Amino acid sequence: MISDIVVPLEKDLSISPTSSRSVTETVNGSHKFVIQGYSLAKGMGVGKHIASDTFTVGGFQWAIYFYPDGKNPEDNSTYVSVFIALASEGTDVRALFELTLVDQSGKGKHKVHSHFDRSLESGPYTLKYRGSMWGYKRFFRRTALETSDYLKDDCLKINCTVGVVVSVMDSPRLHSIQVPESDIGMHFGMLLDKQEGSDVVFDVAGEKFHAHKLVLAARSPVFRAQFFDELDCEKNEIVVTDMEPKVFEAMLHFIYRDTFVEDDALIASSSPVSSVSDTLAGKLLAAADKYGLERLQLMCESYLCKDISVNSVASTLALADRHHAMELKAACLKFAAENLAVLIICLMTAIIGACSCDALKWIPVS
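This note's numbering numbers the first residue of the sequence shown as 1018 and each following residue consecutively.
It is possible that some hints are incorrect.
[Said to hold, decoys possible] Below, computed lysine-lysine pairings styled on DSS-like, alpha-carbon distance capped at 25 Å: (1) Lys1154 / Lys1065; (2) Lys1065 / Lys1049; (3) Lys1059 / Lys1128; (4) Lys1126 / Lys1049; (5) Lys1128 / Lys1065; (6) Lys1307 / Lys1323; (7) Lys1169 / Lys1059; (8) Lys1154 / Lys1128; (9) Lys1307 / Lys1252.
[Said to hold, decoys possible] Across the chosen pairs, the derived CB separations fall in these ranges: (10) Lys1059 / Ser1139: 31 to 37 Å; (11) Gly1046 / Lys1126: 22 to 28 Å; (12) Gly1214 / Asn1356: 49 to 55 Å.
Don't read these hints as lab results, they were simulated from the structure. Note that this is a predicted model, so its numbers are computed, not measured. For each residue, glycine too, the CB sits at the ideal point set by N, CA and C.
Work out the full structure, taking the sequences as your base and the hints as a guide.
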């Protein structure tokens, strides 16, 4: 008897091919450097520079160095020098650079030295360590610069672009699902707008605001203590006597939505008032401090920081000190230090303006 021999079918053990792709590109960032008082900077010495503030591109800090008397002793101050320096720790940082001396006549004839949009025989420039620089010892002949349209009102403007080279691995994904941004703020905002389930009412200068104790307590330690720790926690109507309705409304908007109000008028600080503390942004900062809303306080500090000027720095500093706004306070002190001479002149002008003519004659003249 002959038995059948069954040969099993051969399984396909091959593996589907995979693929990946390495992408090398640049992360670009720019910085504008204004050099005011060029004539006073001359004569500081060969090899001595004026530095811009540091700026961050590609995870590294950078700075622009301007040498009014040049960097190279052999040139005997014939040329000005401009360099871009790596100002943070880094090893073998590869980058492209562009330096632009701005034509201030409006003709657009800028002087540009650029690595971008041209082939590089040896690739991007490599900065080995912190303090490494790229630039030009003979950036511009000084006599020509001083009679050119690049110098206006004793001021030079230099634009710098840095492109840090990075390589990333791009592996294909089988599926990709777009996840929308969080909309929790929108839903809590609808809860506030519709007043559904509200269990507390605030009376602010006669205007009523309905809210939810749990939401307020979750966002503010002050409300949490007021609603759950104090003896009168059962109160369902609270009178607020130290805040305007529009400020309280803006605060509620933040508590529920975690954003500033969309109506710019509620936080605008451009009205001609005597003090920053009288602006809506200043009042909202005070409200944030009172109710322990740290994020709102920082948002107000950031907003007010943009409007610091010679005329407002004193009142802004006082507001920051009163409401423990440390970031805003630091910004005011830095501004004052950088503009001390102008502030002293303004102060003396105000003092003289407040004095009578008879009082001024007693000021000794040397």
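Now for the hints, and whether the structure bears them out:
1. Lys1154 / Lys1065: With a Cα-Cα distance of about 12 Å, the restraint between Lys1154 and Lys1065 holds, given a limit of 25 Å.
2. Lys1065 / Lys1049: The given pair, whose Cα atoms are some 20 Å apart, holds under the 25 Å limit.
3. Lys1059 / Lys1128: 21 Å, holds
4. Lys1126 / Lys1049: Between Lys1126 and Lys1049 the Cα gap is close to 17 Å, so the pair holds against 25 Å.
5. Lys1128 / Lys1065: 23 Å, holds
6. Lys1307 / Lys1323: 23 Å, holds
7. Lys1169 / Lys1059: It holds: about 16 Å lies between the C-alpha atoms, which stays within 25 Å.
8. Lys1154 / Lys1128: 15 Å, holds
9. Lys1307 / Lys1252: Roughly 20 Å separates the two Cα atoms, so the pair holds.
10. Lys1059 / Ser1139: 31 to 37 Å: Roughly 35 Å apart at Cβ, these two residues keep to the hinted range, so it holds.
11. Gly1046 / Lys1126: 22 to 28 Å: 25 Å, holds
12. Gly1214 / Asn1356: 49 to 55 Å: Once the Cβ atoms are compared, 52 Å apart, the range 49 to 55 Å for Asn1356 and Gly1214 holds.
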